[in-house]
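Let the sequences and hints guide you as you build the complete structure.
Protein chains in written order, with this note's numbering: chain U, 738 to 914; chain E, 52 to 383; chain W, 10 to 546.
The reader is advised that the hints may include incorrect statements.
[As the list claims (entries may be wrong)] Covered stretches of chain W, going by a simulated chain U footprint (3 or more residues, C-beta under 8 Å):
{"#": "1", "region": "113-121"}
{"#": "2", "region": "461-470"}
{"#": "3", "region": "499-509"}
Simulated from the structure, these hints should not be mistaken for laboratory data. Note that the Cβ used here is the ideal one computed from N, Cα and C, for glycine as well.
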Amino acid sequence: MRIEELLAQKKTAIIDKWFDVVADTYPADTAGFIKRQKDPFSNPVGGTTQKGLTGLMDELLGEMNHDKIDSFLDPIIRIRAVQDFTPSKATSFIFSLKKLVRNQLNKSDFNEYRILAELSELDLKIDLIGLMAFDIYMKCREKIYQIKANEEKNRTFSAFERAGLIKELPDSGPELA
Amino acid sequence: MNVKYMFSLVAVIFLFLLAYVGVEAAGLQVLFGIVIPYAALLVFIIGVINRVIGWARSPVPFRIPSTCGQQRSLPWIKASELDNPFTTQGVVARMFLEVLFFRSLFRNTTSKLGEGPKIYFSLELWLWLGALAFHWSFLTVIVRHLRLFTEPVPFWIGLLEKADGFFQVGVPGIFLSGVVLLAAVFYLFLRRVIIPQVNYVSLSQDFFPLFLIFGIAFTGILMRHFAKIDVIGAKQLTMGLVTFHPTIPQGIGGIFYVHIFFVSVLLAYFPFSKLMHMGGIFMSPTRNLPCNTRAVRHINPWNYPVETHTYEEYEEEFREKMIEAGLPVEKE
Amino acid sequence: MSGPKPKELIEKIDYNPPQKGWMDVPVKIRKGMYCYASNPKSVEYVHLPHARPWNPLEEDWKLPDNWKEIVHNAFRERLDRFRSFKVFMDICVRCGACADKCHFFIGTGDPKNMPVLRAELLRSVYRNDFTTAGKILGKVAGARELTLDVLKEWWYYFFQCTECRRCSVFCPYGIDTAEITIMAREIFNLLGLNIDWIATPIANCYRTGNHLGIQPHAFKEMIEFFVDDIEEKTGVKVEPSFNKKGADILFVTPSGDVFADPGTYTAMGYLMLFHYLKEQGLNVTWSTYASEGGNFGFFTSHEMMKRLNAKMYAEAKRLGVKWILGGECGHMWRVINQYMDTMNGPADFLEEPVSPITGTKFTNAKSTKMVHLSEFTADLIYHNKLKIDKSRNDNLIVTYHDSCNPARGMGLFDEPRYVINSVCNHFHDMPRNTIREQTFCCGSGSGLNAGEDTELRLCGGLPRANAVKHVHEKFGVNMLATICAIDRAALPPLMDYWVPGVGVTGLTEMVANALIMPGEAERTTNLRGEPLSGMEE
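Here's what the structure looks like:
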């Protein structure tokens with residue numbers, strides 16, 4: 738049996754544990770809330786994470802479609818990029834999947850050369866997702882700074898500008914005397 | 052171990068021993084059966100009155116109800132008279148549902164994706180159910196106990212007992228209210244220990260009344276069904292208390308004294324604790340006022356004049372610019 | 010020498026500190042989550058005490074020497090003056106019903122953002138200073154002494170509350186965290202601890218009549234620019250009046266509508282609506298003196314709120330109008346609906362509001378004499394007084410964000426929805442537990458819509474954005490309508506981050522786009538200059 742099939746059978750259990758890993762990066766009381774509240778609107782962090790991890794798992798065991806991974810990963814990282822996480826803390830949950838996967842295997846599985854080879858291939862895929870997570874994290878942080886920088890300007894400057902209340906420099910600079 | 056509830060648990064166990072040993076070993080029946088109950092009742096009455104007067108002494112400067120439904124505005128728009136009451140009747144209805152049925156706790160509707168809004172029993176609704184079970188069963192138990200303070204016993208207490216003992220399990224029959232009370236207290240306790248958020252915000256004083264009430268219900272059930280006490284004697288004592296001719300009949304049994312000592316502690320503790328929410332709910336300005344502030348002026352008793360920037364000062368500063376821009380001014 | 014094992018390294022990253030009691034977790038003021046300290050010049054201008062430069066990140070906040078005494082006395086004074094405060098300090102049973110109702114808790118995951126705990130920050134000191142049990146039993150009774158760290162914690166978390174009142178809806182005793190936050194901020198202001206995003210708009214508003222400090226001539230120029238813009242897009246020249254004595258109605262709206270996109274389009278909408286109704290007998294004037302509907306004084310103290318709000322009645326009296334019409338603003342309407350008449354009334358120099366077009370008496374506003382534009386417009390549409398071409402808004406798939414204050418401090422739910430449904434064909438509400446009285450805050454209310462606390466605002470806005478995302482994905486919603494100026498400023502970046510592709514509009518902008526103006530040229534674009542539905546090239 739290929740490792741993907743093996744893991745596909747235990748998918749739900751792995752996703753549940755993976756979800757707990759993400760939730761446990763929050764303070765205990767918050768983690769409890771994130772795990773407990775099932776309504777996606779009362780608990781957007783939990784809802785988004787659940788949806789994202791399930792999708793990521795499917796891709797990991799399936800086609801590894803770059804765009805799809807991005808669409809599942811982005812919402813999770815987007816949240817963590819504004820919360821109190823360093824980049825490493827925001828993305829570490831992806832790498833903990835390696836351990837979760839290994840926990841699902843039997844001891845004897847590790848003796849099979851084929852399984853080991855597939856496992857290291859799976860690790861590479863997880864690494865790839867991890868790297869994508871860094872990219873998304875950076876993109877989000879850049880977006881935040883862009884929002885910060887633009888906000889003032891968007892808010893008032895453009896209104897003033899349209900009203901002609903802002904004196905713009907003439908196209909040709911003032912003549913030097 | 053959780054320090055917060057251990058402290059309260061130890062306190063209640065200590066109170067138990069205090070009363071039991073005090074009566075059984077030291078023969079302090081008069082102290083635990085007469086002196087402390089009277090003192091506790093006095094503390095309760097004075098304390099509660101004091102507290103309520105304290106609240107009432109602070110005025111309500113602004114009318115700030117939380118509006119939880121459509122306002123009354125245009126005649127063809129249906130207003131929510133219950134959640135955004137314009138009239139006093141509406142407020143009474145809102146308060147009635149709030150006080151008797153904890154309506155706000157019931158507000159936790161949750162929706163599942165794709166299926167449209169639907170109510171299911173989330174843990175918040177368990178809280179609502181638990182709170183209802185707790186308060187209503189406690190009330191039933193208290194009313195049932197009026198049997199011990201009245202002679203002849205009014206017929207409606209008998210009726211209540213009959214209803215309460217409807218299931219006719221065991222001899223003497225089990226009262227549903229007692230069992231529900233015990234279960235509800237236990238649930239409220241578990242909730243505080245298990246749900247991380249609730250545990251995080253809980254204080255010792257949140258556990259103490261739970262343990263105490265658990266102790267009261269527990270000793271009560273113990274007396275009725277297991278360590279059977281002299282009921283005639285108990286009633287003699289309680290009737291003595293209400294008629295102000297206190298007596299101590301012989302041989303009622305230590306558990307009875309523990310029971311009334313717990314009740315006394317609860318009474319005396321009441322005015323100094325969060326249990327005052329019983330009175331406070333009636334005083335809450337976000338619930339007990341009509342939402343008609345734009346139609347009826349609310350008076351603030353301490354409204355005082357404040358420094359403002361008048362139009363004259365404003366025009367003084369900007370007059371020239373205003374004239375230039377063609378804005379009308381008071382003084383040319 | 011061997012380094013740390015890989016496993017240890019990983020665990021270090023995942024390290025989650027062991028849970029301590031909340032009193033033992035010291036506050037960490039995090040960048041992006043707080044607003045800059047008030048500019049002393051602004052504090053001084055309105056004569057608030059202890060104006061000084063200070064920095065929240067520095068150890069020394071340069072507090073007055075007797076700051077503890079000031080806090081204690083201010084606390085007592087407020088307990089004596091506000092039954093709400095006193096009752097709310099006493100009766101909480103910490104049932105936890107509110108815990109997960111706060112958008113900041115949901116978004117940040119910080120336990121101290123649970124409403125119950127936010128209030129406990131203050132309650133713990135209340136117990137210590139004002140209750141017998143707290144004085145005797147101390148920490149066992151949940152009491153703690155006021156220290157500099159406690160004060161800093163207060164400051165950090167009471168400027169992470171937008172006074173949206175969502176928690177109060179779920180509280181079995183109606184405990185309103187907004188009320189507690191208001192008291193805490195009053196106390197901060199006695200120590201000179203305001204944030205600049207509140208302090209400076211207040212000073213500006215006090216002096217010039219509006220938050221941005223726009224002087225009267227510039228205010229008029231700005232609106233005249235809108236007049237040109239409207240003419241360009243519709244061929245109709247509207248003629249607004251300013252400070253006009255003898256007008257029937259004074260119109261007050263937040264200055265954000267006049268100076269900040271996309272509120273400016275809503276302001277154009279006002280102008281068009283008033284022009285449209287002119288022939289039918291509407292005689293309305295703008296004021297440059299009362300040119301601010303918003304009231305950041307509300308986020309400072311009851312007194313400051315009263316000082317700024319006073320201008321509305323004063324100006325109505327000076328101009329001799331009959332009643333006041335209020336534009337689309339959130340907290341402005343909480344102030345008008347629940348405070349204005351009490352503070353600055355009785356407005357006996359005004360008349361009970363009657364729509365000059367439909368004759369409808371607004372009996373619900375008969376004392377305050379101020380009507381919400383949504384009430385006014387809904388009444389017009391109901392009586393068929395507006396000629397509307399709904400199809401012009403056909404490219405919009407709209408959802409509606411109930412702003413906190415008109416929702417939970419007023420109950421204005423169906424009027425705006427009626428208006429929206431009358432001017433556009435595609436409307437979808439968000440899920441039930443995120444709208445109406447359960448609406449989620451934009452995350453930027455109560456003066457927190459600064460630039461430096463963007464992370465806080467994005468966290469706080471997550472539950473709102475999440476619900477928008479749902480209707481965006483399900484129904485293709487591309488426009489978020491709202492009746493609040495702070496929303497119009499705060500929601501665009503929120504959408505930009507969480508749900509790109511959703512714009513933000515005021516209600517009256519949509520009305521104006523659909524309104525068939527007498528004598529108009531063929532309308533090819535909306536007020537934003539974008540092609541109308543069917544007019545794309």
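Hints violated by the structure (numbers, ascending) = none
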